[in-house]
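Colleague: Fit chain B to the supplied structure of chain A, relying on the hints for placement.
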Amino acid sequence: MSGVRVLVGTRKGAFVLTSDGKREEWKVEGPHFAGWEIYHMKASPVDPNRIYASQTSGWFGQVVQRSDDGGKTWNPVGNKFDYEGDAGTHQWYDGTPHPWEFKRAWHLEPSLSDPDTIFAGVEDAALFRSTDGGQNWQELPGLRKHGSGPHWQPGAGGMCLHTILLDPSDAKRMYIAISAAGAFRTDDGGETWKPINQGLRSEFIPDPTAEVGHCVHHIAMHPSRPGTLFMQKHWDVMRSDNAGDHWTEVSGNLPTDFGFVIDVHAHEPETIYVVPIKSDGEHFPLDGKLQVYRSRSGGHEWEPLTKGLPQENCYVNVLRDAMAVDSLDKCGIYFGTTGGQVYASSDAGDSWKPIVRDLPAVLSVEVQTLP
Amino acid sequence: MLPQHLRTLAKVTGELTVEVSAATQRSVLDAVEEQYPMLCGTIRDHATKERRAFLRFFACQEDLSHESIDTPLPQEVAEGREPLLVIGAVAGG
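Top to bottom, those sequences are chains A and B.
Heads up: the first sequence runs through residues 1 to 371, numbered per the working numbering.
Heads up: the second sequence runs through residues 1001 to 1093, numbered per the working numbering.
Same shape as in the complex, but just chain A:
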């Protein structure tokens, strides 16, 4: 029987949640790496037992962990992230030049074809790659040095490269997103990059339609339609049907279009999910009601999903990497909150249950559908 493994990164450790295909009973294991911030964990799509974890600490810096047995045991691999050449400067919050400094890895994206190849999105924003299972990391400097890098400026959470999407139909094409620079695409395996922010509008920057400077929170893609992208921006939910060359707003009837997460149903490429958050000044749900919103039309028309979610006194946030889907039928949707709950729906969002309620604040959620 098939099963599901949910990889949860939190402020104080990693947790692995497992269930069979019914997704009714869950086993919770952890914390792994207790006391450390686990920004992200993700498994190789070609070797489900190969899992990578980004473990960080204000005291001890960055560690990358790797499991080769599905999360039962872990071993640290390489943690040396050196920027290529003269690192140069980007803009600081006040607009002055600031040296590029490595702080942590926000997102780990294993290759679609090779379990030893993995990409890391880091703060200060850059893209690294390892081809030896995480032992050694090399920057793909074309991104940071493509021209606009010195003008990038951090968002409140830091200047992080937080989203990496690999195109399953074209091994040379990849999308990334940076707060608060925007989205970028490479069509040549990471050698050269172009900003793909046309159509985004951000009122809080000097030029609301600038080529870079947009605070992109997350981007999602359905593997069957890799040219269609869905974005949760600081404000606004956006979509692109031409690989990011142009974006249009699809916020529609959302009660607020501020938020962090966005994801796509595993079997319905026009069914998407967001969790509206009140505002950039108040990072919690509207009126204390935790609601996932679903659009079955790729945006514009949205419906609230509330069954099983707290509808009073709920003031948690759902961070940008904290939603994921399984590929069972019906599709399972999962998200974690800063209050330590991990909610799951085994019916595509119609109803929800907490798998676990009292973890440390959840930073990331990834899901593996196991054979």
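Treat the hints loosely; a few may be bogus.
Said to hold, decoys possible - Subject to a maximum C-alpha distance of 30 Å in a straight line, what follows is the list of computed BS3-like cross-link-like pairs (lysine-lysine):
1) LYS172/A - LYS145/A
2) LYS145/A - LYS1049/B
3) LYS72/A - LYS27/A
4) LYS1011/B - LYS27/A
5) LYS1011/B - LYS12/A
6) LYS278/A - LYS307/A
7) LYS172/A - LYS103/A
8) LYS72/A - LYS12/A
9) LYS1011/B - LYS80/A
10) LYS22/A - LYS289/A
11) LYS1011/B - LYS103/A
12) LYS27/A - LYS353/A
13) LYS103/A - LYS1049/B
14) LYS72/A - LYS1011/B
15) LYS1049/B - LYS12/A
No lab work stands behind these hints, which were simulated from the structure alone.
Everything numeric in this text was worked out from a predicted model, so none of it was measured.
Modeller: Just chain B now, with coordinates in the frame of chain A:
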């Protein structure tokens, strides 16, 4: 002696013992990192070898954090009678 999180990372308990010919912060940490490569980058910067900001080095009840990394460590440490302590800043959260 390392902070508990680093002992866990290195999969050791208690004090680490390393052999060096001339005991300095640099030689001791070089030896520790050679023996426990997973600690590279967690006590000091990979490239500059500077101590991480929230860590301090103590020995014989003295703060050695701002000593040159090539200054000889106290004789008691060199002779293995006292530990070099790597201490993490106390902070909540």
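Colleague: State for each hint whether it applies.
Modeller: So, going through the hints one by one against the coordinates:
| no. | hint | in the structure |
| --- | --- | --- |
| 1 | LYS172/A - LYS145/A | 19 Å, holds |
| 2 | LYS145/A - LYS1049/B | 27 Å, holds |
| 3 | LYS72/A - LYS27/A | 13 Å, holds |
| 4 | LYS1011/B - LYS27/A | 26 Å, holds |
| 5 | LYS1011/B - LYS12/A | 19 Å, holds |
| 6 | LYS278/A - LYS307/A | 20 Å, holds |
| 7 | LYS172/A - LYS103/A | 28 Å, holds |
| 8 | LYS72/A - LYS12/A | 18 Å, holds |
| 9 | LYS1011/B - LYS80/A | 20 Å, holds |
| 10 | LYS22/A - LYS289/A | 27 Å, holds |
| 11 | LYS1011/B - LYS103/A | 24 Å, holds |
| 12 | LYS27/A - LYS353/A | 14 Å, holds |
| 13 | LYS103/A - LYS1049/B | 16 Å, holds |
| 14 | LYS72/A - LYS1011/B | 16 Å, holds |
| 15 | LYS1049/B - LYS12/A | 27 Å, holds |
Checked against the numbered hints listed earlier, the structure breaks none of them; every hint is satisfied.
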